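Chains as they are written, first to last, in numbering that gives the first Met the number 0: chain A, 0 to 136; chain B, 0 to 136; chain C, 0 to 136.
Hints were generated in silico from the structure; no laboratory data involved.
It should be emphasised that the depicted structure is a prediction, and the values quoted were computed from it without experimental measurement.
Honestly, I wouldn't trust all of these hints.
As the list makes no split between identical chains, a pair holds if one copy fits it or if it spans any two.
Capping the alpha-carbon separation at 25 angstroms, the derived lysine to any residue pairs in SDA-like fashion look like this [unchecked claim]:
| no. | residue 1 | residue 2 |
| --- | --- | --- |
| 1 | 8 | 103 |
| 2 | 8 | 123 |
| 3 | 8 | 31 |
| 4 | 8 | 73 |
| 5 | 95 | 11 |
| 6 | 8 | 122 |
| 7 | 8 | 76 |
| 8 | 8 | 72 |
| 9 | 95 | 15 |
| 10 | 8 | 30 |
| 11 | 95 | 110 |
| 12 | 95 | 7 |
| 13 | 95 | 29 |
| 14 | 95 | 18 |
| 15 | 8 | 74 |
| 16 | 8 | 105 |
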Amino acid sequence: MYQETFHIKTSGRGTQNISQQIQNVVRNSGIQTGLCHVFVKHTSASLIICENADPDVRSDLEDWLAREVQDGDPRYRHSMEGADDMAAHIRSILTKMDQTLPVTQGRLALGTWQGLFLYEHRYHGHQRSIVVTVSGS
Amino acid sequence: MYQETFHIKTSGRGTQNISQQIQNVVRNSGIQTGLCHVFVKHTSASLIICENADPDVRSDLEDWLAREVQDGDPRYRHSMEGADDMAAHIRSILTKMDQTLPVTQGRLALGTWQGLFLYEHRYHGHQRSIVVTVSGS
Amino acid sequence: MYQETFHIKTSGRGTQNISQQIQNVVRNSGIQTGLCHVFVKHTSASLIICENADPDVRSDLEDWLAREVQDGDPRYRHSMEGADDMAAHIRSILTKMDQTLPVTQGRLALGTWQGLFLYEHRYHGHQRSIVVTVSGS
Numbered sequence: 000m001y002q003e004t005f006h007i008k009t010s011g012r013g014t015q016n017i018s019q020q021i022q023n024v025v026r027n028s029g030i031q032t033g034l035c036h037v038f039v040k041h042t043s044a045s046l047i048i049c050e051n052a053d054p055d056v057r058s059d060l061e062d063w064l065a066r067e068v069q070d071g072d073p074r075y076r077h078s079m080e081g082a083d084d085m086a087a088h089i090r091s092i093l094t095k096m097d098q099t100l101p102v103t104q105g106r107l108a109l110g111t112w113q114g115l116f117l118y119e120h121r122y123h124g125h126q127r128s129i130v131v132t133v134s135g136s
Numbered sequence: 000m001y002q003e004t005f006h007i008k009t010s011g012r013g014t015q016n017i018s019q020q021i022q023n024v025v026r027n028s029g030i031q032t033g034l035c036h037v038f039v040k041h042t043s044a045s046l047i048i049c050e051n052a053d054p055d056v057r058s059d060l061e062d063w064l065a066r067e068v069q070d071g072d073p074r075y076r077h078s079m080e081g082a083d084d085m086a087a088h089i090r091s092i093l094t095k096m097d098q099t100l101p102v103t104q105g106r107l108a109l110g111t112w113q114g115l116f117l118y119e120h121r122y123h124g125h126q127r128s129i130v131v132t133v134s135g136s
Numbered sequence: 000m001y002q003e004t005f006h007i008k009t010s011g012r013g014t015q016n017i018s019q020q021i022q023n024v025v026r027n028s029g030i031q032t033g034l035c036h037v038f039v040k041h042t043s044a045s046l047i048i049c050e051n052a053d054p055d056v057r058s059d060l061e062d063w064l065a066r067e068v069q070d071g072d073p074r075y076r077h078s079m080e081g082a083d084d085m086a087a088h089i090r091s092i093l094t095k096m097d098q099t100l101p102v103t104q105g106r107l108a109l110g111t112w113q114g115l116f117l118y119e120h121r122y123h124g125h126q127r128s129i130v131v132t133v134s135g136s
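Go ahead and model the full structure; you've got the sequences and the hints to work with.
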């Protein structure tokens with residue numbers, strides 16, 4: 000069981016591919032066969048597995064989320080921290096704050112088209128803490 | 000690997016913070032570094048990580064879910080068990096029936112604003128079985 | 000830590016119950032108490048826990064997803080691979096590409112009404128790779 004925490008500065012709403020950073024933690028762990036759990040310690044950012052080739056996929060996903068979970072909806076009670084705040088909580092719950100990935104032969108066993116992305120849901124950039132736990136042998 | 004099953008009586012649709020109960024299981028396990036997996040053995044209740052300070056966040060989330068996943072939608076085929084039943088299944092799939100959390104220094108490594116909540120999606124209270132599995136060393 | 004990869008040929012959009020296939024892997028592992036992680040190595044198929052008795056539940060879920068995540072929405076930029084492609088990515092992210100289940104007494108500790116389903120989101124059938132990792136003792 001190997002655990003590492005690191006921090007990523009986001010640059011506002013949107014996704015960034017963190018597959019390589021997580022792969023580095025798996026390498027540090029020395030674990031060959033097992034699982035890698037990734038966890039973001041926040042309620043307005045999330046972790047998704049998404050198609051990694053065409054950035055349009057993430058743009059379309061963002062547009063869909065923006066339509067379904069309206070920023071600044073006047074029906075929100077929780078609105079003091081800005082139009083993006085409550086929407087960011089709902090988006091994070093829908094897209095989830097953790098991911099578990101298999102580790103095979105010392106590497107994340109992602110499919111060819113899968114990337115692991117940190118998704119910032121606030122308008123402005125934030126420092127995000129990510130805990131990675133690798134288990135196996 | 001430590002496993003414990005416990006039961007919670009819900010009081011109808013809504014959320015309850017179970018972070019402390021899960022923390023107690025982690026303590027019982029004696030595990031210092033690892034993972035804690037929480038699983039609800041039902042298809043009409045779920046587990047979410049949500050902002051733990053302002054209850055309005057959970058009210059807004061509930062309102063959003065109620066708008067997006069309509070109770071008693073006449074298009075549902077599965078309707079014999081009441082207006083909330085099919086909606087509860089969809090809500091549970093969207094918000095998920097399990098959560099995995101890192102354990103660090105013998106405690107759940109939740110962020111400052113993160114709480115783990117059991118989300119009952121049926122109108123009436125139910126007895127819910129929760130399996131907690133803690134792995135690590 | 001036991002890991003096995005297998006392949007399932009889907010027959011187009013829809014769900015299939017894979018609980019028994021996953022149970023077989025758990026049996027192969029010989030693990031009595033632990034966790035079973037199931038992962039689909041694709042971005043247009045997912046894994047859900049759903050009510051396993053009445054197939055109408057899955058039909059209603061499918062209808063709900065089809066209404067919420069429109070196929071062929073003209074606002075999608077990512078549209079070259081067909082009307083179902085971008086929708087399949089969003090559906091997979093909402094319903095997630097992995098599931099972790101407790102293992103108790105050598106068996107998946109699913110609730111009475113829970114089944115694990117592979118959800119194909121493309122119109123046509125695909126060969127889907129699934130990695131199952133069982134940990135415990």
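Exercise for the section: Measure nothing new, just compare the shortest in-copy and cross-copy C-alpha distances for residue 8 and residue 73 to 25 angstroms and report within, between, both or neither. Expected result: neither (30 angstroms within a copy, 34 angstroms between copies)
Practice task
Since the copies are identical, ignore which copy is meant and state whether residue 8 and residue 76 lie within 25 angstroms (CA to CA) inside a copy, between copies, both or neither.
Solution key: Answer is neither: 29 angstroms inside a copy and 28 angstroms across each miss the 25 angstroms cutoff.
Practice task
Indicate which option fits the pair residue 8, residue 122 if close means a Cα-Cα distance not exceeding 25 angstroms: within, between, both or neither.
Solution key: For residue 8 and residue 122, the Cα distance is within 25 angstroms only inside one copy (13 angstroms; across copies 39 angstroms).
Handout entry: residue 8 and residue 103: within-copy, between-copy, both or neither at 25 angstroms Cα
Key = between (29 angstroms within a copy, 23 angstroms between copies)
Practice task
Evaluate residue 95 and residue 18 at a C-alpha cut-off of 25 angstroms and name the case that applies: within, between, both or neither.
Solution key: Both ways: residue 95 and residue 18 sit 17 angstroms apart in one copy and 17 angstroms across, limit 25 angstroms.
Handout entry: Up to 25 angstroms CA-CA - residue 11 versus residue 95, copy category
Key = Both: 18 angstroms inside a chain and 24 angstroms across chains, each within 25 angstroms.
Problem - Within, between, both or neither: residue 8, residue 105 at alpha-carbon 25 angstroms - result: Intra 27 angstroms, inter 28 angstroms, cutoff 25 angstroms: neither.
Practice task
Up to 25 angstroms between alpha-carbons, please classify residue 8 paired with residue 74: within, between, both or neither.
Solution key: Answer is neither: 31 angstroms inside a copy and 30 angstroms across each miss the 25 angstroms cutoff.
Problem - Intra/inter-copy verdict for residue 95 and residue 7 if alpha-carbon distance must be at most 25 angstroms - result: Intra 17 angstroms, inter 23 angstroms, cutoff 25 angstroms: intra and inter.
Exercise for the section: Please work out whether the CA atoms of residue 95 and residue 110 approach to 25 angstroms or closer within one copy, between two copies, in both situations, or in neither? Expected result: Cα proximity of residue 95 and residue 110: in one copy and across copies (20 angstroms, 14 angstroms).
Exercise for the section: With 25 angstroms as the alpha-carbon cut-off, assign the pair residue 8 and residue 123 to within, between, both or neither. Expected result: within (10 angstroms within a copy, 40 angstroms between copies)
Practice task
Since the copies are identical, ignore which copy is meant and state whether residue 8 and residue 30 lie within 25 angstroms (CA to CA) inside a copy, between copies, both or neither.
Solution key: Neither: 27 angstroms inside a copy, 31 angstroms across copies.
In this structure, the earlier hints numbered 3, 4, 7, 8, 10, 13, 15, 16 are contradicted, and the remaining ones agree with it.
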